[in-house]
Amino acid sequence: MTLTLDRRAELLGACRLFAGVGRTDLPADRVIARQGEIGTGFFVVVEGSARVVRDGEELAVLGPGQFFGELSVLDGKPRVAQVVAIDDTRCLALATWDFEAVLLANPSLALAILRGLAERLRTQTEQQHH
Numbered sequence: 001m002t003l004t005l006d007r008r009a010e011l012l013g014a015c016r017l018f019a020g021v022g023r024t025d026l027p028a029d030r031v032i033a034r035q036g037e038i039g040t041g042f043f044v045v046v047e048g049s050a051r052v053v054r055d056g057e058e059l060a061v062l063g064p065g066q067f068f069g070e071l072s073v074l075d076g077k078p079r080v081a082q083v084v085a086i087d088d089t090r091c092l093a094l095a096t097w098d099f100e101a102v103l104l105a106n107p108s109l110a111l112a113i114l115r116g117l118a119e120r121l122r123t124q125t126e127q128q129h130h
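Numbering (the numbering used here), first residue to last: 1 to 130.
Don't read these hints as lab results, they were simulated from the structure. Hints are all accurate, no fakes.
Label-pair restraints from in silico Cβ distances:
id: 1; residue 1: E58; residue 2: D88; range: 13 to 23 Å
id: 2; residue 1: P64; residue 2: L117; range: 14 to 24 Å
id: 3; residue 1: K77; residue 2: T125; range: 13 to 23 Å
id: 4; residue 1: L114; residue 2: A60; range: 11 to 21 Å
id: 5; residue 1: A101; residue 2: Q127; range: 26 to 36 Å
id: 6; residue 1: A105; residue 2: G56; range: 34 to 44 Å
id: 7; residue 1: D29; residue 2: L111; range: 26 to 36 Å
All values reported here derive from a predicted model rather than from experimental measurement. Virtual Cβ for every residue (Gly too), placed ideally from N, Cα, C.
Given the sequences, and given the hints that come with them, work out the whole structure.
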């Protein structure tokens with residue numbers, strides 16, 4: 001059985017793991033996270049795509065299943081990049097306090113986020129050396 005993106009978002013949102021997660025529908029060109037602001041949320045792209053931009057330079061394009069906002073949520077410091085919807089985009093948003101509770105209760109999710117962070121760090125490091 002193939003699940004539509006709407007159904008996946010509905011199932012994910014209904015999961016106990018993501019209790020308190022809000023669904024956010026964003027039009028094209030909408031800023032989702034601003035560089036330099038303290039972040040209060042973690043986001044998972046459910047549908048659409050978003051550009052990650054730092055100081056005017058595009059670093060990445062995120063699509064369904066990819067996440068952002070974890071750095072500022074984890075360390076309480078300003079966001080290091082801006083994320084802007086490329087087209088109509090749907091995200092699941094998890095507030096800082098809920099994000100921390102989910103990580104503490106679900107070590108496998110915490111490990112998956114750490115692996116995602118490591119992959120981004122490795123990619124950035126390799127790009128700087130080439």
